[in-house]
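So the sequences go chain by chain: A and B. Read in order, the letters of the first sequence correspond to residues 1 to 342 in my numbering. Read in order, the letters of the second sequence correspond to residues 1 to 345 in my numbering.
Some clues are possibly wrong.
Computed beta-carbon distance windows for the label pairs [as the list claims (entries may be wrong)]:
id, chain 1, residue 1, chain 2, residue 2, range
1, A, 231, B, 69, 22 to 28 Å
2, A, 151, B, 63, 15 to 21 Å
3, A, 146, B, 63, 34 to 40 Å
4, B, 131, A, 104, 20 to 26 Å
5, B, 75, A, 188, 54 to 60 Å
6, B, 135, A, 118, 51 to 57 Å
7, A, 104, B, 134, 54 to 60 Å
8, A, 330, B, 28, 30 to 36 Å
Subject to a maximum C-alpha distance of 25 Å in a straight line, what follows is the list of computed SDA-like cross-link-like pairs (lysine to any residue) [stated by the list, open to error]:
id, chain 1, residue 1, chain 2, residue 2
9, A, 247, B, 131
10, B, 111, A, 244
11, A, 247, B, 52
12, A, 247, B, 71
13, A, 247, B, 126
14, A, 144, B, 13
15, B, 112, A, 239
16, A, 247, B, 254
17, A, 334, B, 127
18, B, 330, B, 215
19, B, 112, A, 242
20, B, 111, A, 242
21, B, 112, A, 252
22, A, 274, A, 286
23, A, 258, B, 127
24, A, 247, B, 68
25, A, 145, B, 13
26, A, 247, B, 105
27, A, 144, A, 227
28, B, 112, A, 144
29, A, 247, B, 92
30, A, 247, B, 149
31, A, 145, B, 68
32, A, 247, B, 81
33, A, 247, B, 13
34, A, 258, B, 92
35, A, 144, B, 103
36, B, 112, A, 250
Every beta carbon over 10 Å from chain B, so not counted as near; a handful from chain A, in silico [to be verified]:
id, residue
37, 205
38, 287
39, 329
The hints are simulated quantities; they were obtained by calculation from the structure and are not laboratory data. Note that the Cβ used here is the ideal one computed from N, Cα and C, for glycine as well.
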Amino acid sequence: MLWPSSRTSCCATRIACSKPMEKAVNQATLPPKLPPAFERKVEVRGFLQWINAPERRGALLVTPALATLFLINILPLLWSFGLSFFNYRANRLTAPKFQGLENYTDLLGDDRVWERFVTTGLIVSSSVALQLLIGFGLALLFAKKFPMRRLALMFVLTPMMLSFVSVAIFFKLFYDPTLGMLSWFISLFTGESFALLATPAGAIAGIVIADAWMWSPFVMLLVLAGLVSVPGYLYEAAEIDRAPSWKRFRTITFPYVKSLLLLALLFRTIETFKTFDLVFLITEGGPGSTTETIAIYAYRLGFQFFRTSEASALAYMILFVVIVLTSIYLYVVKQRNASEGV
Amino acid sequence: MTLSLSNIHKRYGGLHALKGVHLDVPEGAFYALLGPSSAGKTTALRVICGLETPDEGAVTLFGQRANDAPIQGRGLAMIFQSFALYPHLNVRENLAYPLRRSGLSSGEIDKKIGRVAETLNIQHRLGNRTDQLSGGEQQRVAIGRALIREPQVLLLDEPLTNLDAKLRDAMRVEFKRLHRELGITMLYATPDQLEATTMADQIAVIDDGRIIATGTPQDLYHAPPDARVAQLVGSPPVNLVPIQDRSTAGTWLGFAQLAIPAPEGTVCAIRPHDLTVATGEADFEGAVVLTEALGDVSVVTVQVGDAQLRTVLYGADAARVRIGDQLPLKINHAMYLPAAQCAQV
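Isolated chain A, as found in the complex (with noise of 0.2 Å):
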């Protein structure tokens, strides 16, 4: 009896509009009376339906991941950045007060900050000078093919792919004046053990080598790319017009590989300005605070002299110091590519 009229109440329906008649037909089919448990679900189903909809169901799916960006990422940076403007010290329950710029100002006036940034700035131009020099040499001789390159080559990209605090002790023990190989070489010659970390020139070359040890195989990826993108026939032609082989290099290899060692230089340049963790494992920043890079002595102010909001505002000064080295960047081969006319 119910199958005939509910079949051609369907066929009606889907001429008109078919969504809410068929509730109707479910309704009509269901027993008269639900208990009210039942009732609930078919709320919660509806509401999964609405929640489903295909116009919203973009929403849905990037929900949680927005959610998670802004609770732990963009959250805490804004709340880092009202702090830096407080009087507020994780380790104390006194309320924060408000002092306007007076971290900024403090910090500009301190000579130790200046230091530091000194201290960054020897480190980051040596490290990154010997990086894309070795980078670079590596990729040369990786552009040419010899017997067992991808072997060697795999081997030349392990220290990029290590962890640093593997990198940190590996090199900590390489150094010790006991125990440490560098130590035992040179003891072969003087007979005496070798501190290198001991003295002040000595702690930055130390942390010079391990840093440029560790990413001198990223800048090479990078020049070797724009290195085997050289056409062969560029070569060829210039072998035939009686070039040279420096001026082959100078007119074909080098304006190929420019603008990658630039990108190398900005990307090594903002990553060792914010080197904590080799420095830190390495030298703690030692001897004294002769190795102690602007990243370590926020750290410092942060979580040793908990002075918070100060550390917060030396933090925004790092930010706005990789920024401005961004803009240099950006304005360059902005400038670069409109006198090349692209």
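Guided by the hints, dock chain B onto chain A, whose structure is given.
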């Protein structure tokens, strides 16, 4: 001889690219190296200019053995198929590139650039980057860069392949003019028989790593040594018809009878323009299966039995013919050519 190759062999791993190439290019010649793709044209040029060392054989330049001579010392210039312009230099710098170590003063270099740019009509482009140029202009810069140090021999590796048809026509005339004006020896590799026959005064046909024929364009067209050469020289391509029955009385092609007896081991080659619409008695009739209109002439393919033959029709005939028509055809001229081993009809 300005340039000669004798018994040159070149192998790339398992690939035998050149299998005993002999080539003699006289001074001042416009010499074409004609062959299908991967026949060994480019390899031959690379061996001559020194980018490759031959595995066997001798390269002789200006009467001296040059197998191991340094590339820079060979006195050759080469134009690449890809033009190989230096992308980060402008036109002037590209032109000046081969001159920088020649000991010329900058004034002399400027004068040379001016002269070459004028010859090639690119004076207004000297300050531009090469990627701002059109294909034809890039080609001219490549030519200019090759000519600027006044080489005695110019090697050209398919220089027109990357250009469109109209530019190709213009550049053909240009190359011919340059050759006449400069009087240098030019060796021109091309897969296009039209380029070879219109420009060169001598052609060497290369196929599968061997030179299979040399001669003037007329010789190779009218009296090709074998069927493969006949296939490679001449457009539209020659009709090759296997001979069904040879006797002293005549030759039976399967659809038409020829009066002259054919020697053993030959095929019958009929140039498309030697096959005409019969006004009187026809040799055979064929059904039109394809027409290609080229303006005032049409290339028409007819089916006779198993064979497909191309013919060229002119004027009113060309306009009238339709697919499916039965055409009465007459063979005005046919050649009996030895069937080459690699010929594929």
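Each hint, compared with the structure:
For the pair residue 231(A) and residue 69(B), the supplied restraint of 22 to 28 Å holds, since their beta-carbon distance comes to about 25 Å. The beta-carbon spacing between residue 151(A) and residue 63(B), approximately 49 Å, falls outside the hinted interval of 15 to 21 Å. Under the hint 34 to 40 Å, the C-beta atoms of residue 146(A) and residue 63(B), about 39 Å apart, fit the expected range. Range check, residue 131(B) to residue 104(A): Cβ separation about 49 Å, and the 20 to 26 Å hint is violated.
At roughly 58 Å, the beta-carbon separation of residue 75(B) and residue 188(A) lies within the given 54 to 60 Å, and the hint holds. The supplied range of 51 to 57 Å is met by residue 135(B) and residue 118(A), whose beta-carbon atoms lie about 56 Å from each other. Range check, residue 104(A) to residue 134(B): Cβ separation about 58 Å, and the 54 to 60 Å hint holds. At roughly 57 Å, the beta-carbon separation of residue 330(A) and residue 28(B) lies outside the given 30 to 36 Å, and the hint is violated.
Annotation: proposed proximity of residue 247(A) to residue 131(B) holds, straight-line Cα distance about 21 Å (limit 25 Å). For the hint pairing residue 111(B) with residue 244(A), the CA-to-CA distance comes to about 23 Å; that is within 25 Å, so the pair holds. This hinted pair checks out: residue 247(A) and residue 52(B) have alpha carbons roughly 22 Å apart, not beyond 25 Å. Between residue 247(A) and residue 71(B) the alpha-carbon distance is near 16 Å, which keeps this suggested pair within the 25 Å criterion.
Distance hint between residue 247(A) and residue 126(B) is fulfilled; the C-alpha atoms sit about 21 Å from each other, no more than 25 Å. For the hint linking residue 144(A) to residue 13(B), the alpha-carbon distance of about 19 Å falls within 25 Å, and the restraint holds. Taking the CA atoms of residue 112(B) and residue 239(A), the gap is near 21 Å; set against the 25 Å cutoff, the hint holds. Only pairs whose Cα atoms come within 25 Å are accepted, and residue 247(A) paired with residue 254(B) is rejected, the gap being roughly 67 Å.
Only pairs whose Cα atoms come within 25 Å are accepted, and residue 334(A) paired with residue 127(B) is accepted, the gap being roughly 21 Å. A distance of roughly 30 Å separates the Cα atoms of residue 330(B) and residue 215(B); the hinted pair therefore is violated under the 25 Å criterion. Pair hint residue 112(B) plus residue 242(A) holds up; C-alpha atoms about 17 Å apart against a cutoff of 25 Å. With a C-alpha separation of about 20 Å, the suggested pairing of residue 111(B) with residue 242(A) holds against the 25 Å cut-off.
About 23 Å separates the Cα atoms of residue 112(B) and residue 252(A), which keeps this hinted pair within 25 Å; it holds. A distance of roughly 17 Å separates the Cα atoms of residue 274(A) and residue 286(A); the hinted pair therefore holds under the 25 Å criterion. Straight-line distance between C-alpha atoms of residue 258(A) and residue 127(B) comes to about 22 Å, which keeps the hinted pair within the 25 Å bound. In summary, the hint linking residue 247(A) to residue 68(B) is supported, as the alpha carbons are separated by about 23 Å, within the 25 Å threshold.
With a C-alpha separation of about 16 Å, the suggested pair residue 145(A) and residue 13(B) falls inside the 25 Å cut-off, and the hint holds. Taken as a hint, the residue 247(A) and residue 105(B) pair is honoured in the structure, with Cα atoms around 18 Å apart against an allowance of 25 Å. Annotation: proposed proximity of residue 144(A) to residue 227(A) holds, straight-line Cα distance about 10 Å (limit 25 Å). Taken as a hint, the residue 112(B) and residue 144(A) pair is broken in the structure, with Cα atoms around 37 Å apart against an allowance of 25 Å.
The straight-line distance between the Cα atoms of residue 247(A) and residue 92(B) is roughly 16 Å, inside the 25 Å bound, and the hint therefore holds. Under the criterion of a C-alpha separation no larger than 25 Å, the hint pairing residue 247(A) with residue 149(B) is consistent with the structure, at around 18 Å. Of the pairs offered as hints, the one joining residue 145(A) and residue 68(B) holds, with about 23 Å between alpha carbons and a cut-off of 25 Å not exceeded. For the suggested pair residue 247(A) and residue 81(B), the alpha carbons sit about 23 Å apart, so the restraint of at most 25 Å is met.
For the hint pairing residue 247(A) with residue 13(B), the CA-to-CA distance comes to about 32 Å; that exceeds 25 Å, so the pair is violated. Under the criterion of a C-alpha separation no larger than 25 Å, the hint pairing residue 258(A) with residue 92(B) is consistent with the structure, at around 22 Å. Restraint check for residue 144(A) and residue 103(B): the C-alpha separation of about 32 Å exceeds 25 Å, so the hint is violated. Our distance criterion of 25 Å between C-alpha atoms is met by residue 112(B) and residue 250(A), whose separation comes to about 24 Å.
Non-interface call for residue 205(A) relative to chain B: holds, since the shortest CB-CB distance, roughly 37 Å, exceeds 10 Å. Once the 10 Å rule is applied to beta carbons, residue 287(A) is consistent with being away from chain B; the minimum gap is 48 Å. No beta-carbon of chain B comes within 10 Å of the beta-carbon of residue 329(A); the shortest separation is about 20 Å.
When held up to the earlier numbered hints, the structure conflicts with 2, 4, 8, 16, 18, 28, 33 and 35 and fits the remainder.
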